[in-house]
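**Student:** Residue strings, one per chain:
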Amino acid sequence: MPLTRRKFLIAGLELGVAGSCLSPALAANRAVASSSGERSLVVLQLTGANDGLNTVVPHRQHEYQRARPTLALPASTLHRLDDDHGLHESAAGLAELYAEGALAIVHGVGCPDPDRSHFRSMAIWHSAQLDAAQAETGWVGRLADRIDRATETEMPSLHIGAEALPLAMRGRRWFAPTLRDPNGLQLTSLSTRHAECRASALERPHSEPASREELAFLREAARTSYATAERMQGLASRADSVAYPTHELARKLRLVARLLGGGFGTRVYYVTHDGYDTHARQAPAHAALLSELSGALHAFQRDLAAMGRDREVLVLVFSEFGRRVEENGSRGTDHGAGAPVFLVGSGVRGGMHGVAPDLSRLVDGDLRVDVDFRSIYAAIERHWFGVESHHGVAPMANLFA
Amino acid sequence: MTQALERWRPARGEFDRAAAAHLLGRAGLGISRQQLERAVVNGLDATLDALFEEPEHDPTLLTSIDLLLGTGSIESLQAWWMALMLGGRAPLRERLTLFWHDHFATAWDKVRDTRLMHRQNALFRKHGSGDFRVLLREVARDPAMLVWLDGNSNRKGHANENFAREVMELFALGIGNYSERDVSEAARAFTGWGVDGRRFRFAAADHDGGEKNLFGKVGRWDGDRALELILAQPVCARHVCRSLLQEYGGSAPTAAEVEPLAAELVRNDWNIAPVLRTILSSRWFFAPERRACRIAGPVELVVRVQARLELSLAPARAAAACESMGQALFRPPSVKGWDGGRAWINAGTWLARHEYMVELAREAARDERAEAMARELASEHAVECGSLAPVEAMATILTSPQFHLA
Chain F
2 MPLTRRKFLI AGLELGVAGS CLSPALAANR AVASSSGERS LVVLQLTGAN DGLNTVVPHR
62 QHEYQRARPT LALPASTLHR LDDDHGLHES AAGLAELYAE GALAIVHGVG CPDPDRSHFR
122 SMAIWHSAQL DAAQAETGWV GRLADRIDRA TETEMPSLHI GAEALPLAMR GRRWFAPTLR
182 DPNGLQLTSL STRHAECRAS ALERPHSEPA SREELAFLRE AARTSYATAE RMQGLASRAD
242 SVAYPTHELA RKLRLVARLL GGGFGTRVYY VTHDGYDTHA RQAPAHAALL SELSGALHAF
302 QRDLAAMGRD REVLVLVFSE FGRRVEENGS RGTDHGAGAP VFLVGSGVRG GMHGVAPDLS
362 RLVDGDLRVD VDFRSIYAAI ERHWFGVESH HGVAPMANLF A
Chain R
202 MTQALERWRP ARGEFDRAAA AHLLGRAGLG ISRQQLERAV VNGLDATLDA LFEEPEHDPT
262 LLTSIDLLLG TGSIESLQAW WMALMLGGRA PLRERLTLFW HDHFATAWDK VRDTRLMHRQ
322 NALFRKHGSG DFRVLLREVA RDPAMLVWLD GNSNRKGHAN ENFAREVMEL FALGIGNYSE
382 RDVSEAARAF TGWGVDGRRF RFAAADHDGG EKNLFGKVGR WDGDRALELI LAQPVCARHV
442 CRSLLQEYGG SAPTAAEVEP LAAELVRNDW NIAPVLRTIL SSRWFFAPER RACRIAGPVE
502 LVVRVQARLE LSLAPARAAA ACESMGQALF RPPSVKGWDG GRAWINAGTW LARHEYMVEL
562 AREAARDERA EAMARELASE HAVECGSLAP VEAMATILTS PQFHLA
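Chains F and R supply the protein sequences, listed in that same order. When we follow our numbering, the leftmost residue of the first sequence carries the number 2, and every step to the right adds one. When we follow our numbering, the leftmost residue of the second sequence carries the number 202, and every step to the right adds one.
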């Protein structure tokens with residue numbers, strides 16, 4: 002019977018590798034986490050800074066049309082959210098989720114001290130540290146560490162995408178794997194005979210006494226890893242319960258849904274959607290991006306509902322900052338500050354949260370930051386997962402049903 | 202006492218193929234078949250002589266860095282160092298460079314300047330086998346280190362303890378061998394040390410010239426004096442030797458093992474090379490329990506495979522593969538470096554190892570000698586390959602757990 006990863010981690014602890022992990026907090030964490038069931042988180046990063054103002058549009062504020070002579074979206078094209086706001090016309094899927102109460106929009110989210118550099122701002126969001134230059138780990142990685150301690154899983158977190166492992170995913174205990182191919186893990190076996198030989202090599206006891214312990218450890222690790230890979234492959238090839246669009250973001254979310262639906266065990270996923278840095282000729286590019294985003298999230302949510310998992314899965318959609326209210330001379334927008342964050346899932350309290358942006362009260366031409374992004378992280382940690390939160394800010398209230 | 206010294210005496214007995222492979226594998230990163238055979242013929246002493254008198258790297262490789270640094274890309278720098286390691290001309294020096302990179306772990310993620318990262322790397326290469334005191338002083342003035350551990354924000358009246366703490370905790374003394382007061386007093390001594398335009402600069406106006414009490418000694422210590430006082434702690438030589446033994450011996454050494462070596466380090470004017478030679482020629486080092494007793498790190502694994510299978514890997518690809526296995530060069534996870542050992546392995550990193558090893562097996566199978574090589578490797582690593590085709594046999598061997606021990 003193969004040992005679980007838990008067991009070989011514990012063997013590592015005995016060598017004093019991470020003795021500090023055996024704190025009393027461990028037991029406490031375990032108790033809290035088990036009460037939150039099998040809840041999961043998918044972080045969806047909109048890379049490049051999404052134009053929040055043309056996503057959730059405050060069409061009744063006349064400053065909006067004035068600041069955006071070519072980019073302002075006519076109210077008639079929008080999907081109605083409330084009397085004052087509408088969603089971009091490409092976001093039909095999101096509008097449908099909003100109407101069902103499965104989409105929460107948090108207005109005016111950002112860093113308390115906004116930074117207009119993509120790199121610095123992204124590092125702040127990832128690390129949840131305002132002085133991100135110091136950052137070695139990310140908030141999702143640290144969260145995965147805590148969940149990892151409290152549950153039995155071979156793969157606490159998973160990054161799907163061709164980019165390097167995001168800082169957000171770096172933890173202390175667990176090195177999150179990156180899956181470049183959204184079709185799943187294609188573990189290379191050259192032939193059946195090769196696979197058989199590989200398997201039997203893991204069974205055979207080795208004769209060298211000196212290396213016995215490390216060898217036994219490696220053998221167990223390899224066995225567990227192959228079993229994990231095979232399960233993932235099996236799940237990834239299962240039929241979908243709904244039709245997904247064919248673009249990359251949809252394929253990433255499709256794989257996440259296959260893993261969640263099949264009880265794969267990974268609780269934290271990270272995917273990105275790139276291209277939001279729309280400095281010039283924004284309108285067509287932004288429409289295409291939102292169409293992909295909306296279509297992918299809509300299919301994902303429908304798929305989870307069909308599998309009866311929609312109440313256990315939360316998607317957090319964020320971008321490093323919003324864009325300037327006033328459009329630039331190239332029919333695009335430059336870097337801004339506050340922007341909406343989306344939470345998707347049947348477990349969220351749908352509707353609008355925070356204070357809707359007021360275009361007559363800008364800060365340096367930007368939308369104000371009213372909600373510290375860390376208060377959303379804190380809410381996810383405390384209220385969604387029921388684990389400790391260490392951001393030094395109060396969790397945002399009422400985000401979950 | 203006799204026993205304590207006994208273990209550091211030169212090894213006796215036959216310097217056979219297995220012993221030679223153990224020595225060359227640990228002293229360097231990878232060994233080719235020819236190197237192995239040459240070592241067996243030459244014997245232990247001559248092999249060590251050759252290791253400690255390594256030739257310079259191919260000069261074109263060393264100068265090519267100027268072009269690469271212009272791009273500012275960290276991937277280029279990673280590939281360049283990987284090329285030096287894969288080149289195999291100075292395995293002992295490159296392994297020491299990697300060891301010091303881990304010991305004085307500095308990450309590009311914060312430094313964000315490939316030129317500074319390269320300069321620090323060159324520093325490790327130049328001083329890695331020399332006087333540890335010089336190495337430590339150079340590291341303390343190294344611009345990448347100063348950025349990494351906040352030299353610039355360590356000013357009179359606003360001391361930043363980052364470097365002062367790590368130089369004691371990780372670089373020179375080890376935790377428990379200094380007080381919190383020593384940290385804050387040393388931080389004051391280092392005030393004014395910073396970087397200006399990629400160079401070390403001392404800003405006298407930022408320096409706290411007041412009295413400091415460091416390890417019970419009171420005076421108007423500056424940064425250089427603080428380093429001297431740190432180096433004067435008897436525990437310092439032990440800390441350095443413990444790190445060396447951990448790296449080259451493969452497990453945490455006992456105090457009795459460390460003590461005589463620490464004395465030897467001091468006797469040799471803190472020169473690393475003679476102490477390393479003592480380790481690598483010792484009975485302790487060649488003892489059966491020291492052989493293949495540790496899990497190879499990604500860089501070590503990749504360089505070893507390419508040398509053994511006589512492949513010519515693309516350095517950028519090799520560096521990227523190491524990153525997927527959890528060891529991105531110039532990007533250690535923290536100032537503590539890589540945890541190493543069992544921490545190298547989880548489901549994600551093992552599968553990354555598997556995928557790259559199968560890729561290399563395919564590469565190796567193109568060689569006309571593949572079948573013979575596979576047979577030889579199979580017997581070395583006690584892997585049963587039965588009637589597998591060369592490529593399958595090679596893949597089975599390279600992905601076998603025993604192959605990942607070193």
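Be a bit skeptical, because a hint or two may be false.
Claimed, not checked - Cut-off 16 Å, straight-line C-alpha distance, at most; resulting in silico cross-link-like pairs (EDC-like, lysine to aspartate or glutamate):
#	chain 1	residue 1	chain 2	residue 2
1	R	LYS357	R	GLU412
2	R	LYS537	R	GLU367
3	R	LYS311	F	GLU313
4	R	LYS418	R	ASP407
5	R	LYS327	R	GLU257
6	R	LYS537	F	GLU137
7	R	LYS537	R	GLU370
8	R	LYS537	R	ASP310
9	R	LYS311	F	GLU137
Keep in mind the hints are simulated off the structure, nothing from the lab. Being a predicted model, the structure only gives us computed values, none of them experimental.
**Student:** Hint by hint, say whether it matches the structure.
**Tutor:** Hint check:
1. LYS357(R) x GLU412(R): 12 Å, holds
2. LYS537(R) x GLU367(R): 9 Å, holds
3. LYS311(R) x GLU313(F): 37 Å, violated
4. LYS418(R) x ASP407(R): Violated. LYS418(R) to ASP407(R) sits at ~23 Å, over the 16 Å cutoff.
5. LYS327(R) x GLU257(R): This hinted pair holds, its Cα atoms lying about 11 Å apart.
6. LYS537(R) x GLU137(F): Holds - the C-alpha atoms of GLU137(F) and LYS537(R) are around 11 Å apart, at most 16 Å.
7. LYS537(R) x GLU370(R): Roughly 10 Å separates the two Cα atoms, so the pair holds.
8. LYS537(R) x ASP310(R): 15 Å, holds
9. LYS311(R) x GLU137(F): 9 Å, holds
Of the numbered hints given earlier, the model fails hints 3 and 4; all others are met.
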